[in-house]
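Number of protein chains: 2
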Amino acid sequence: MLIISEIFGPTIQGEGALIGTPTVFVRTGGCDFRCSWCDTLHAVDKKYKDDWLTMSAQDVFEQVEQLSGGKPILVTLSGGNPATQDLSELIKIGKAKGYRFAMETQGSVSAPWFAMLDHLTLSPKPPSSKMRFDQVRFDTSLHNANNTNISLKIVIADHTDLEWAGELKSQYPKLPLYLQPCNLELKNTPSLEKLTTQTLNLVDEVLKRGWFDTSVLPQLHVYLWGNEKGV
Amino acid sequence: MLIISEIFGPTIQGEGALIGTPTVFVRTGGCDFRCSWCDTLHAVDKKYKDDWLTMSAQDVFEQVEQLSGGKPILVTLSGGNPATQDLSELIKIGKAKGYRFAMETQGSVSAPWFAMLDHLTLSPKPPSSKMRFDQVRFDTSLHNANNTNISLKIVIADHTDLEWAGELKSQYPKLPLYLQPCNLELKNTPSLEKLTTQTLNLVDEVLKRGWFDTSVLPQLHVYLWGNEKGV
Numbered sequence: 013m014l015i016i017s018e019i020f021g022p023t024i025q026g027e028g029a030l031i032g033t034p035t036v037f038v039r040t041g042g043c044d045f046r047c048s049w050c051d052t053l054h055a056v057d058k059k060y061k062d063d064w065l066t067m068s069a070q071d072v073f074e075q076v077e078q079l080s081g082g083k084p085i086l087v088t089l090s091g092g093n094p095a096t097q098d099l100s101e102l103i104k105i106g107k108a109k110g111y112r113f114a115m116e117t118q119g120s121v122s123a124p125w126f127a128m129l130d131h132l133t134l135s136p137k138p139p140s141s142k143m144r145f146d147q148v149r150f151d152t153s154l155h156n157a158n159n160t161n162i163s164l165k166i167v168i169a170d171h172t173d174l175e176w177a178g179e180l181k182s183q184y185p186k187l188p189l190y191l192q193p194c195n196l197e198l199k200n201t202p203s204l205e206k207l208t209t210q211t212l213n214l215v216d217e218v219l220k221r222g223w224f225d226t227s228v229l230p231q232l233h234v235y236l237w238g239n240e241k242g243v
Numbered sequence: 013m014l015i016i017s018e019i020f021g022p023t024i025q026g027e028g029a030l031i032g033t034p035t036v037f038v039r040t041g042g043c044d045f046r047c048s049w050c051d052t053l054h055a056v057d058k059k060y061k062d063d064w065l066t067m068s069a070q071d072v073f074e075q076v077e078q079l080s081g082g083k084p085i086l087v088t089l090s091g092g093n094p095a096t097q098d099l100s101e102l103i104k105i106g107k108a109k110g111y112r113f114a115m116e117t118q119g120s121v122s123a124p125w126f127a128m129l130d131h132l133t134l135s136p137k138p139p140s141s142k143m144r145f146d147q148v149r150f151d152t153s154l155h156n157a158n159n160t161n162i163s164l165k166i167v168i169a170d171h172t173d174l175e176w177a178g179e180l181k182s183q184y185p186k187l188p189l190y191l192q193p194c195n196l197e198l199k200n201t202p203s204l205e206k207l208t209t210q211t212l213n214l215v216d217e218v219l220k221r222g223w224f225d226t227s228v229l230p231q232l233h234v235y236l237w238g239n240e241k242g243v
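Just so you know, the sequences run in chain order A and B.
Everything in the first sequence is counted per our numbering, starting at 13 for the first residue and increasing by one.
Everything in the second sequence is counted per our numbering, starting at 13 for the first residue and increasing by one.
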């Protein structure tokens, strides 16, 4: 059985390599991390666990199917940390019906079924998160993902994060890298001026360093929907 | 010799498949079209032609090289319509030094050197532009681009445009399609609320039609820089 925080969509992916792509989100409940600036605490903090549902993979897929009107769509597995649960059955059921699967995870937990994904976004957490980066586990995630389309997405809150991203960038030069300004304003109507300033600063820093193979993208969904849940 | 409107960067690409990617823009002067909502009239309207420069391909490349500090970067050829000039020499010089080239053009004019590009964005103009779509010429552009990474980007101003995009989508199902709300506010400080509303409406329309392989992206540079030139 799977622990699910929310299933919603269709909407568009708001960040990273697949930005702008129509998708249904399956957000699992539970996380092995507790990042200082987590923007999905409702899927992380155990105090919300009464809101989480226990569902079979078949039930989850049926809900996805209903949301997409039975038409195959990209399913984005997110969390919390979706890698802490065995999602292989869900992926298997969906792929048999032509659905594609992307997953967003920090790389702290991995499993052989990563190879079944169509796209894997690894988002290792930088120092500002106050979480520890375990490179062995991260490498195991990469290894498990095998030939899956992989991209690296790093949230940047400050200069230390940026230097840290630079180190990772040198260690994994072949992974497409996306840097994303950290959403520090988690109230319902965040200041878009602040998000814009953060993005512009990040663009400047990246260009100043000559990181011309590194993309910078803000969270588009924050521009479009603020911090509203379920969109 | 090449007619150039502006060369600027490094900045990030603000739209389409390469959104967020660091790049230097080479904007050529002159266009065979005159779209009703053109947002780069300074590179299109002949009344601005005294601002355009006549430069050799070598001079253009040297300016790009200076802007990027001699470090290879993606060069985005835009306009006006860059396809109305022979850019093969510029691409050849740049590629010899490791630079990559993307081009944005409507597909009304094509040339064999399209095959030298690393990425081609074809942005055929919808009915609201008041321009005529010539499918034979469009197909010749596709043919010339050969194995180049091609994507389709269509600006959407109204429902007629959307229906038109739907027809093109069925005719070219294998081309990745990006829909972009039309920037109708060309003053220096456009209303971001309006841009957001337009984007949300476009997202709704795309999802309602079940176009799950069609991406929707606003012009990120308008969020970041308004309608400022040269960024």
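Take these hints with a grain of salt, some might be off.
Since the list gives no way to pick one copy over another, a pair counts as held whenever it fits inside one copy or between any two copies.
[Claimed, not checked] In silico lysine to aspartate or glutamate, DMTMM-like type, Cα no more than 25 Å apart, as pairs:
hint : residue 1 : residue 2
1    : Lys165    : Asp130
2    : Lys220    : Asp170
3    : Lys107    : Asp130
4    : Lys61     : Asp130
5    : Lys165    : Asp71
6    : Lys220    : Asp71
7    : Lys181    : Glu197
8    : Lys220    : Glu240
9    : Lys181    : Asp130
10   : Lys83     : Glu179
11   : Lys83     : Asp151
12   : Lys206    : Glu74
13   : Lys206    : Glu240
14   : Lys61     : Asp225
15   : Lys165    : Asp62
16   : Lys83     : Asp225
17   : Lys199    : Asp173
18   : Lys59     : Glu179
19   : Lys58     : Asp151
20   : Lys241    : Asp225
These are computed hints drawn from the structure, not numbers from a lab.
Hints versus structure:
1. Proximity of Lys165 to Asp130 under the C-alpha cut-off of 25 Å is found in both arrangements, the shortest distances being 16 Å within a copy and 24 Å between copies.
2. With identical chains, the CA atoms of Lys220 and Asp170 are at most 25 Å apart within one copy only, with a shortest distance of 16 Å there and 40 Å across copies.
3. In this homomeric assembly, Lys107 and Asp130 come within 25 Å of each other (Cα to Cα) only inside a single copy, at 10 Å, whereas the closest approach across copies is 32 Å.
4. In this homomeric assembly, Lys61 and Asp130 never come within 25 Å of each other (Cα to Cα): the closest approach is 29 Å inside a single copy and 48 Å across copies.
5. In this assembly of identical chains, the alpha carbons of Lys165 and Asp71 never lie at most 25 Å apart, being 30 Å within a copy and 37 Å across copies at closest.
6. In this assembly of identical chains, the alpha carbons of Lys220 and Asp71 lie at most 25 Å apart only when taken from different copies (24 Å versus 49 Å within one copy).
7. Taking the shortest Cα distances, Lys181 and Glu197 never come within 25 Å of each other, neither inside one copy (27 Å) nor across copies (39 Å).
8. In this homomeric assembly, Lys220 and Glu240 come within 25 Å of each other (Cα to Cα) only across copies, at 21 Å, whereas the closest approach inside a single copy is 34 Å.
9. Proximity of Lys181 to Asp130 under the C-alpha cut-off of 25 Å is found in both arrangements, the shortest distances being 23 Å within a copy and 23 Å between copies.
10. For the homomeric pair Lys83 and Glu179, the shortest alpha-carbon distance between copies (19 Å) is at most 25 Å, but the shortest distance inside one copy (42 Å) is not.
11. Taking the shortest Cα distances, Lys83 and Asp151 never come within 25 Å of each other, neither inside one copy (35 Å) nor across copies (30 Å).
12. Taking CA atoms no more than 25 Å apart as the test, Lys206 paired with Glu74 passes in neither setting, with 40 Å inside one copy and 36 Å between copies.
13. In this homomeric assembly, Lys206 and Glu240 come within 25 Å of each other (Cα to Cα) both inside a single copy, at 17 Å, and across copies, at 19 Å.
14. For the homomeric pair Lys61 and Asp225, neither the shortest alpha-carbon distance inside one copy (40 Å) nor that between copies (34 Å) is at most 25 Å.
15. In this homomeric assembly, Lys165 and Asp62 never come within 25 Å of each other (Cα to Cα): the closest approach is 30 Å inside a single copy and 44 Å across copies.
16. In this homomeric assembly, Lys83 and Asp225 come within 25 Å of each other (Cα to Cα) only across copies, at 11 Å, whereas the closest approach inside a single copy is 35 Å.
17. Only within a single protomer do Lys199 and Asp173 lie at most 25 Å apart by alpha-carbon distance; the minimum there is 23 Å, versus 37 Å between protomers.
18. Taking the shortest Cα distances, Lys59 and Glu179 never come within 25 Å of each other, neither inside one copy (36 Å) nor across copies (50 Å).
19. Taking the shortest Cα distances, Lys58 and Asp151 never come within 25 Å of each other, neither inside one copy (28 Å) nor across copies (56 Å).
20. Only between protomers do Lys241 and Asp225 lie at most 25 Å apart by alpha-carbon distance; the minimum there is 24 Å, versus 32 Å within a single protomer.
Checked against the numbered hints given earlier, this structure breaks hints 4, 5, 7, 11, 12, 14, 15, 18 and 19; the rest are met.
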